[in-house]
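Enquirer: Protein chains in written order, with the working numbering: chain A, 4 to 190; chain B, 52 to 296.
Hints listed in this document are in silico derivations from the structure and should not be mistaken for laboratory results.
Treat each hint with caution, since some may be false.
[Claimed, not checked] Computed footprint of chain A on chain B, listed as stretches where at least three residues anywhere in the stretch have a Cβ under 8 angstroms from a Cβ of chain A:
| # | region |
| --- | --- |
| 1 | 57-65 |
| 2 | 88-100 |
| 3 | 263-276 |
For glycine and all other residues, C-beta sits at the position ideal for the given N, C-alpha and C.
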Amino acid sequence: MSESKTNLFGSFGRRRRLQRQIGAERDRLYRIAWSWCHDSYQADDLVQETLARALAKVDNLREESRLQVWLTQILANLHRDHYRRTQPETGQDTDLLPSRDDPEEHADRTQLITRTRRAIGLLNDDQRQVLTLVDLAEFSYADTAMILNVPVGTVMSRLSRARRRMREILQQQGIGHADVVPLRRPQ
Amino acid sequence: MKPSDEFELNAFVDGELSADQQAEWLEAMRADPELARQACELGQLKAQIRLAYGSPPQVRRRNADKVRESWRAVAASVTLLAVGLVSGWLLHAGNPGEKTANAGRFVVLDADGRGQAPAVAADEETRIVFHLTNADQTVAGELLDEVEGMLNAYAADGHPLRVEVVSHSEGLDLLRESLSGHKERIHQLAMRFSNLTFVACKNTIDRLKVERGIEVKLIPDAEVIDSGVSHVVKRQREGWSYIRV
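Just need the whole structure built from these sequences, with the hints factored in.
Expert: Here it is as structure tokens:
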């Protein structure tokens with residue numbers, strides 16, 4: 004045991020450094036995951052699983068500068084394999100409303116957030132992922148294509164359709180539109 | 052607007068165009084206010100999306116945390132109990148007159164007092180339960196190293212040994228099909244050593260299902276028992292040594 008431990012700790016300085024960096028990506032991954040599923044429990048699970056997988060496979064990462072792309076790729080694969088097919092496409096999701104402790108003077112901002120989240124919830128999975136990877140996570144088209152394992156042209160066409168659809172939905176929702184969001188998972 | 056133009060306008064807003072292409076689009080926008088308005092709208096949409104997802108709601112885990120804390124308290128008292136038992140046996144082991152009575156319980160010092168190979172009466176089986184509550188796969192890997200080394204050492208010396216790894220709470224990850232970083236290794240160990248068992252806590256599995264909607268799929272080498280905590284307490288009563296990981 005002591006010998007294997009020495010080897011483990013001696014030869015994995017890189018591994019330790021990457022493990023710390025991976026841990027530091029949690030919030031960022033959670034924001035992306037949440038924007039995909041609009042469910043804090045599911046997003047948390049996705050991120051936990053992503054981090055666990057990344058830590059287990061950290062030696063597979065060749066270029067350290069590609070850490071964020073690599074992690075997001077794991078997240079996207081997990082989302083595709085475990086969650087997408089099991090979740091009905093409702094378009095209306097659990098915790099779309101921003102937290103209730105927002106001060107009242109921020110009502111406009113809160114409404115804007117709610118409307119944007121709801122509009123994104125109405126996109127299909129493919130459009131939602133491309134849009135949030137480009138706009139929220141600020142990945143390049145090439146990185147987004149790699150994360151989703153699709154050609155760059157597909158990223159561009161999905162993005163274009165997603166934004167057109169977003170504009171339509173947001174235009175349909177006038178100011179003062181009732182913010183009634185059904186809860187799928189009452190607590 | 053042609054689809055290719057629309058793609059390119061998006062690419063302009065996303066900073067994906069070359070400097071020359073950008074200059075062309077800027078020129079076109081100066082000539083066409085409608086184009087400029089569309090670009091502006093796309094830029095606003097980007098900002099709006101960043102705002103909408105900047106601080107998403109976090110998981111409300113108060114109940115889960117309470118449960119976890121109570122598990123922790125139970126485990127801590129179990130650990131104390133184990134420490135008490137072990138110290139007791141070690142003290143007793145120092146007395147030759149009582150050695151026979153304690154044979155087969157828990158003695159970590161060898162005959163020379165050096166402490167590497169556990170000393171037990173040749174006909175007595177050593178039984179150790181490892182209680183894994185940590186999700187860190189590196190820790191789990193080190194545990195497997197430890198277990199494997201121990202199984203090899205005992206097999207080489209011809210001493211009977213039984214080892215159980217009870218995974219419970221966050222430690223369950225080791226035995227989850229989708230999360231375990233050591234599936235293949237566990238399988239190989241389980242094939243090689245019939246005296247090694249991997250046990251998963253059903254309470255934890257049920258809890259994940261009820262609280263978080265997760266259908267846990269275990270690796271094929273895992274056995275399931277009702278409660279991890281009750282199981283390790285039972286094992287201690289039966290005289291197994293307890294090591295919490």
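Enquirer: Just to make sure I understand the rule, a stretch counts as covered if three or more of its residues have a C-beta closer than 8 angstroms to a C-beta of the chain. Does the region 263-276 of chain B meet that for chain A?
Expert: With 3 residues close enough to chain A, the hint holds.
Enquirer: Three or more residues of the region 88-100 of chain B near chain A by CB distance under 8 angstroms?
Expert: holds (count 6)
Enquirer: Can you tell me if the region 57-65 of chain B counts as covered by chain A, using C-beta to C-beta distances under 8 angstroms and a minimum of three residues?
Expert: With 5 residues close enough to chain A, the hint holds.
In this structure, none of the earlier numbered hints is contradicted; all agree with it.
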